[in-house]
Structures are given as C-alpha cells and as structure tokens.
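Asker: The primary structure of each chain is shown beneath.
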Amino acid sequence: MNKQIKTSAPTDSEIVFGILNNSESAIKRLYVAYFPMVLQLIVNNNGTADDAKDIYQEAIIVLYNKIKKGDFELNSKLKTFLYSVCRRLWLKRLSQMSRYGGDLKDFQEFVPVEEEVEDQHERNLQFGKMQSALGLLGEPCKTIIEDFYINNKSMQDICERFGYTNTDNAKTQKYKCLQRLKKLFFQQK
Amino acid sequence: MRDEQLLETIERYLAGSMNADERRAFEQLRMENAELDQRVIEHQQFVGILKHYGERVELESRLNAIHSEIDVHTLVEEATERPAWIVQLWRNHHSKISVAASIAIFAILGTLFVTGSLSTKSGYEEMVREVGKLRSDLTKGKYAKVTTPVRTPVTSDRYRGTGFAITSGGLIATNYHVIYRADSVYVQNYAGRAFKAKVVFTDANSDVAILKITDTAFRELGAIPYTFKKSESDLAENVFTYGYPQDSPVYGDGRITSQNGFDNDSVDYQISVPLNPGNSGGPLLDSKGNIVGIVKAKQAQMEGAHFASKSSYLLAALDSLAADSNLRKPVLNSKNSLAGLSRPLQIKKLQNYVFLVKVYAKN
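Just so you know, the protein sequences line up as chains A and B, in that order.
Reminder that position 73 of the first sequence reads as 73 in our numbering, one-by-one numbering, no gaps.
Reminder that position 252 of the second sequence reads as 252 in our numbering, one-by-one numbering, no gaps.
A portion of the hints provided could be inaccurate.
[To be verified] Mimicking DSS-like on lysine-lysine, the simulated pairs with C-alpha atoms at most 27 angstroms apart in a straight line are:
(1) B:Lys-51 with A:Lys-182
(2) A:Lys-69 with B:Lys-51
(3) B:Lys-51 with A:Lys-68
(4) A:Lys-129 with B:Lys-348
(5) A:Lys-171 with A:Lys-142
(6) A:Lys-183 with A:Lys-171
(7) A:Lys-153 with A:Lys-183
(8) B:Lys-51 with A:Lys-28
(9) B:Lys-51 with A:Lys-171
(10) A:Lys-66 with A:Lys-28
(11) A:Lys-28 with A:Lys-69
Just so you know, these hints were derived from the structure itself, not from any lab.
Kindly produce the complete structure, drawing on both the sequences and the hints.
Answerer: As structure tokens, then:
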C-alpha cells in the first residue's frame, strides 16, 4: 500500500545553494516538491491538511536554519531529512494530543533527527517569548525595534518616520524600548 | 546616560563600524573588563534572537504565500490511502449485501427442498445403501460361503469343506461355517480313507472350528511339515492354498491383496487366490510354508475378492480351546520342513495333512 507520490524534485545541491543565496524560487521549489509526501504522512496518521501545513513549515524552517548556519552536511537526501523531521515532529504532536496509537504508518525511509528537533524546540520557545514580548511592548517601540534590529534601517530613517527632532532623541527612545523589551523577554518563563 | 552610550558603542562594535584604532582600544577594554565582555555577549545574543525572530516571521509569511498556491484539497485526495475497492464496497453497502445474501441462501435452500435434492435420495445415500445391500446379501448367504451343498446325490453328506492338521495327534482346523449345521463330521485324507471326527471348538466370530479325529482306525500322522505364523503377513505377499473343492485336491495361488477383509473386517485378509465352493477351511500358506490363514469365502458380487481368516485367530482359538475343554493345550509344530522346497514338493509334503471335511446333517 506504500504508494509513493512522485514529483519532479529539484536536486539537493540546487536547493542548498539556492537557500544560501536567499533565492526565493529555491524555497518554493523545495516546498512544492515535498509537501505531498508530508501531507501523505500526516493525513494517513490521524492528521488534517492544516496539521500537515504546520508540521511541514516547521520542518522547512529546521532545514532552512540548518543550511543558513553553514555547517550543513548532506548526510541524507533532503527528502529523507524533511520526512524524518516531519515524522518526528508529528510523533511529538500526536503524543501531546494523546492521539498516538503506537503505530505510525510510514511511507518513506527515515533517519534519526532527534538533535535537530530538540534544537528547533529551543528556538520555538525563544521565538514564542520574543513574539509575546514584542506584543506587550506596544507602539511605537515595537516598530522602532523591528525597523532597527530586524529590517536594518538606519537611525536616520527611523528619526524621519517617527518625526523625532534629532537622532539623539531617537537613539534615547530606541535605548528605552530595548531595555523594556529585554525586561519583558527575560521575565517570561 | 552612560549606559545608553555604552550600548551605542557595543552596537557600533558589533556592526563593525569602528575604525581600526577604536576597535583595538575597545577590544583591549573588553579583555580587561569582564563585565563589559559579558554585556557585549549578552547583547549579541539578544539581537541574534531578535534577528532570528524577524527572519522566521518573514520566512513563515513566504511559506504561507507558497502554500496558498498549492491545491491542498486535490493532494489530500491523492494522499489519503483508499482501502481496496472491495472493502469500500462492503463499508458502504454491507447492510444491503447481507440482506441479499440471506435472500439468496433462502432461495437456494428453498429450491433444493422443492426439487427434492435435500431428501435422502442423493447419490451418496444410494452408495451407502448398496453397501448395506451387500451386508444383507452376506447375511442371506449370497456372499457365498465356499461350502458345497450336496455335491452328489449318491453320497449322503450334505456339506463339504477342507481342513488341515494342527497336530499329528488328529486336531483339524476348518471353518465354523463348514460344520455348524453338522450332526456328524468325517474327514477324508488324500488316500481316500475317512475318519470320524467331533467338533471340539468353534468360534463363529473368526469363523474357526477345531475338530478332533476320534476314529479308532486313525493312526498318528507324521511330523507336521508347516508352522503357524503369529504375526500379520505383508501386503502383496505370495500365498497359496490347497483344498478339496472337488473330490481331488486343487492347488491355487495368489497374493495378499488387503490386510483387511470384507467390509474392512480386520479378522480377514483379502486374497487373490482363486477359490471354489469346498475350499473353505483350507490352509493358506506363504512361500516359506507358514500357515498364514484359513481360506473361507468369496464375495459374490466382487470378482477376485476372496478372504481368509488370519492365522493369529486360529492360534487364539487354540489357546481358548485349552482353556474351555479338558484337552491339553496342543503343542504346535515349530520345525518347518517346507521352507526352501519347490512348490510341487511343498504340495507333495502337504497333501497328507489336508483333509476333505464331510458334514452330515438331517436336512
């Protein structure tokens, strides 16, 4: 019954170099190529299409971070790696929901990826904390922080956008915002 | 304010926008001041988390955009494992199928009942009845006991059979069915001399009878040339008989064709030795001159199917003879003088020990 869904997949090195070069199309091709495989895994193991989307995107992020970190070694095919991560994540999700019957129906071979999944779990925690800290920060602090630290805007731009009379005022504001953000971030458990 | 300036310095350092001198001075300061070093690392990490957050938010929105272009519904259709069509059919229609099957069973049973196929006239039953008929034929005597009723009107004996000596002292073995209607019994030897005998033992079940020659004219026979086989003989073993279906002795040979007799009766062998009325009670010997049985009957309807009681039943009869009568247990010959001889010589030696049994009865 293990029918394999066939897709015209891009080669692994194409994807890796594409991601390293921030290529939009590389991610898209990767995403489109292996989504059906993961969908098959999830929907045949008590999951929905939305579950498949969540799990798959998380796995893509794991892969993306791994490649971006620069120490990515191609120990297995990307396909196998993605499948293994999704499988692991879904097992975790199932046991959290106590829907796991102890028998996962597999469609592909897979490799151990516990480490990656654990790392991802850490990052998810940080991500969640940052998200809620930024949410609590309120405007204009949130935008100032995001513009400066994430979008790499200059203080000059920020100054103009928020109508500060000079950059020093803006810098002081940014400093206060950052201190509050740190406080909010580290207060959370 | 000092803290704010420090942060700006750290940020400039991390962003790499210091000039070489400034950078060297800051690194020097960082090495000397552990607290400053800690601040730098902490800030770097926090900004890292921030950047990471930003990247991820951006990546997720990109992935969502990609995802929205995928026709998920069709893929779900494709990816879902469909059970085999027969299982689906069953799941969707099992109630209807059950009803249809019940109706079909009733219809078939009903048809069979109406056409009479369920009654006992089936082919199988007929076969059983045929076997039953054979059995009734057997009891009616159609299954020819190989005794001859009144062979010649001149003689007054009514039945004839064959018998053979068990001991040189005049104990003769024959079939129960040869003598059971007897008023008196005579045995006649090869030379034509007849001696009066009496029945000393019968066993209707194994169809064995033991006679004792009581005639005063009887002289002891010589040493019995044959021995009695205790064990069962093998299928296809070569066997022969010698008896009196007529006034002169007749030889016949063949093989053991079954270790069970008529209707699977384990008392008998089935043999392919030609038998005629009058052979009953004769010895069945194997090629080495052992008595393996007493020939007794042929089945009327079956060509070539003849029967002989196994010698073990004769031996058992001799055992019970000693127990049931005042006769001593007969000492059986244990020295076989037939083995190794050619068949004509075996017969020549045998002929003095095989008798024609004449049975006289009132009707």
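Asker: Would you list, in rising numerical order, the hints stated earlier that this structure does not obey?
Answerer: As far as the earlier hints go, only 4 is violated by this structure.
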